[in-house]
Amino acid sequence: MKAGAKIGMKTSKIRLFKDKTAGSVMWIFTWLSVLLVVLMGIGLILKSLPILHDKSLWELLSGAKWKPMRGDFGFLPFIMGTLWVTAIAILWTFPVSLFTAIFLTENSKRWVKKVVFPALDILAGIPSVVYGVWGILVVLPWISDSLAPHFVEYSTGYSTLAAGIVLGVMILPLLISLFVELFSCVSVELREASLALGATRWQTTKYVLLRKTFPGIVASVTLAISRAMGETIAVLMVCGNIVQLPTSLFDGCYPLPALIANNYGEMLSLPLYESALMFAALILFAVVFVFNVISRLILRKIEQNVS
Amino acid sequence: MIHPMKQENRDFMRHILFLGKNSKWYDRADSSELKGSFFRPNQKFCVEHAQRSNIVVDHLNVTIQDNPILKEVSVEIPDRKITCIIGPSGCGKSTLLKSLNRLLDMNEDVHISGSVLVDGEELYAPDVEITHIRRKMGLLSQRPCPLPMSIYDNIAYGCRIHGIRNRKKLNMIVRYYLQAVGLWDEVKDRLHTPASRMSIGQQQRLCLARGLAVEPHFILADEATSALDPISSKTIEDLFLKLKEEYAIVLVTHTLRQALRIADYVIFMYMGEIVEAGPAEQIFKNPRQELTQKYLTGVFS
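Chains as they are written, first to last, in my numbering: chain A, 389 to 695; chain B, 19 to 319.
Do not rely on the hints blindly, as some may be mistaken.
As the list claims (entries may be wrong) - Some but not every residue of chain B turned toward chain A, in silico, with C-beta under 7 Å: (1) Leu121; (2) Glu126; (3) Arg153; (4) Leu165; (5) Gly176; (6) Val232.
As the list claims (entries may be wrong) - Covered, in the sense of this in silico footprint (three residues per stretch, anywhere, with C-beta under 8 Å from a C-beta of chain A), are these stretches of chain B: (7) 155-163; (8) 224-231.
No wet-lab data here; the hints were simulated from the structure. The beta carbon of each residue, even a glycine, is placed where N, CA and C say it ideally should be.
Extracted from the complex, chain B is given alone in its bound form:
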């Protein structure tokens, strides 16, 4: 993945370290004892990050209990951009998102046809290694769901299940990702207390850090800020804006304003179909479809 020596990666790290109130990073950059912990730990889950990873959804049909939820959905999700899926309630936004990491077909009643290519790999192929796919697609749910363990173990969990046991390495990973989401200074003294004791905004950032720790290529966020207070959701939004430099972020959102603020690319869905998809600027300023226009101007929501 990211290589500590590359200039662009250093820039990225400056970005995220700023959030961790660690603006002194520049001053300390040469101090060798700290250096190690600031460089991104390389978990080596995958050989390398594909140059441009992307998702191509092709004629995806999803029925749940014989009700069609998604109809002939075809869309491409670009790398290193924030893609917002907008649309009224029950239009299939979350279903589309969940079909991207195969959490959907855990349920018996769900039937899926069509194809989803993740970095060129067919998601719904019978022989696909599902844990590998899911690791690549980080998930941030609507309500924060800290695992029933300590803050430290929440971050380390993902690495442990993928076989990293080295205590030193885990310490480094935990510290790095807590810094990346700006939690380190808030929780460094209580890393081994239950994660459920944190505030809800902190929990959501913890969940984000937990997802990042297994080195995903994508972040799938399902209304990730809707349960949070304005300040916490601002923090999460800011994090997304930093993180998009390295990840493809797919965000389902109910708030148009949020999409306006952070989207690079917008997918507008209605009744299980994609009405319009395109760069945010074009969708918001010159929507091609009347339906999109109506939705954006608040005729229905």
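Chain A extracted, bound-state conformation:
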């Protein structure tokens, strides 16, 4: 009897110890991942300090001249390139993915889902180089032969538009699956409540489903934009890599990730060049960071209003 009680005590002590250990390990891992973000930010800032000492922040961000040989580092073309490409990608994928997701959750038969979901998974899993090759083989000829002649005199096809299209195809599966997830979370009762009043499916979707999931839609788009901004390989294969402020969709551009990937490790003998590339990375980091913070603030505001 006594021994049994002792064993009981012991095991319960061990159990409590395990419980505490598991708790603290999880705590540590969670904060490690947060720390990683902070460390990366600090590392980028430290590495880009030399160029920040040499030139003012405003000069770097608003300068349009990029002549590393002469010491001109203007990042505006790269920033604009990133923004343009991302904007084009989101602009065409947002409606496409939204309607696809609505169709899949609201209207489609089961076998359609069975076909589409694996296809989307495959699309999401294809390496980005393959998207780049697809862009060069399919999108570029289409733009230079069929589309561009209607608008401009001549285009090689290596353009902001091509980069936007390829990038869009890459984030499309992500957006669709995020939206599908979002819409499946809306309870059946809510849809029935609307349908029972005599609303059509489309009215229910428009006034109930989309309104209910609006905060989630904003969050999903934010996530997709953050992803799109950092996408490198496929974009740099089709964007043309020309340092200029894009003035038309058929001009080439040079997004920030492409700048870093193309040049890092090549011309580091130039003074300040490495620091400049690190600064480019810092800009990217900051843009994504600020973007996330802003969208979170917007999201909180919306959630307060809706629920």
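Assemble the complex: chain A is given as a structure, and chain B must be docked to it using the hints.
Quick look at chain B alone, frame taken from chain A:
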């Protein structure tokens, strides 16, 4: 629908206005500014309310994923009565209810045969206008489901989707139906705040008002009080008792006591079949079937 001049309708309005703590209605009846808002707004969705609307279910069979849920169900649901569907869990009560406004066959796995006549109109005819049918059958679900919008918009939603845009008319409708469920005084100062901020009992009354605003003939309630506290469910029950003067109410309930309190007509179901159906008095006092007796005395539940 209801005509403001008819005496019986006035009586009805007195009934429901009492609930809205608006007992001063009589005193103010002649004040012309208020009169307008108290008369029932006529949305004109349908030409007229059939003299006696009813539902006739005839040999209805429902299978879900090849499991028979309803077997040869034939029953008639009378107008202006509260019909309670009782029976143990999983006996097909909710399925029967949902088959009455065709929410059931949204699902792919559901197969339905037989016929349901609503005011003489076949519900499962291929060319039936489903939105029209659903508008006629108001639904009150188990958990209140306010739409993700303001209190005002919740009521106005049904009218808006059916094409009423006139702001003045919508204001009148919202006010009228909020009064009808006794919510007006509680929420009149926050009509434009999200409906989800109301208490759960208030939400359920809001859902009832939302359903009434599209002028249904029937109210289908699926255990409409089971998620509510005793006071709120009493309020809903009282509302049903008033509303039955004008609507046919079909109430699925798990609580026998509730059926005892408010049912005029009872359908007892067991394993997908209707064991017995009839006036409440007869079912509760002299059930013909042994199974009904056993259920009523609590041998199983």
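Evaluation of the provided hints:
Hint status for Leu121(B): holds, given a least beta-carbon distance of 5 Å to chain A, under 7 Å. Satisfaction of the interface hint for Glu126(B) is found here, the shortest Cβ-Cβ separation to chain A being roughly 6 Å, below the 7 Å cut-off. For Arg153(B), the shortest C-beta to C-beta distance to chain A is roughly 3 Å, which falls under 7 Å, so the interface hint holds. Because the closest C-beta pair between Leu165(B) and chain A is about 6 Å apart, less than 7 Å, the hint holds.
Among the interface hints, the one on Gly176(B) holds; its C-beta lies about 4 Å from the nearest C-beta in chain A, closer than the 7 Å criterion. For Val232(B), the interface hint holds, the least distance from its beta-carbon to any beta-carbon of chain A being 5 Å, beneath 7 Å. Counting residues of the stretch 155-163 of chain B whose C-beta sits closer than 8 Å to any C-beta of chain A gives 7, which meets the bar of three, so the coverage hint holds. Figure legend: the stretch 224-231 of chain B, annotated as covered by chain A; annotation consistent (3 residues with Cβ-Cβ distances under 8 Å, at least 3 required).
When held up to the earlier numbered hints, the structure conflicts with none and fits them all.
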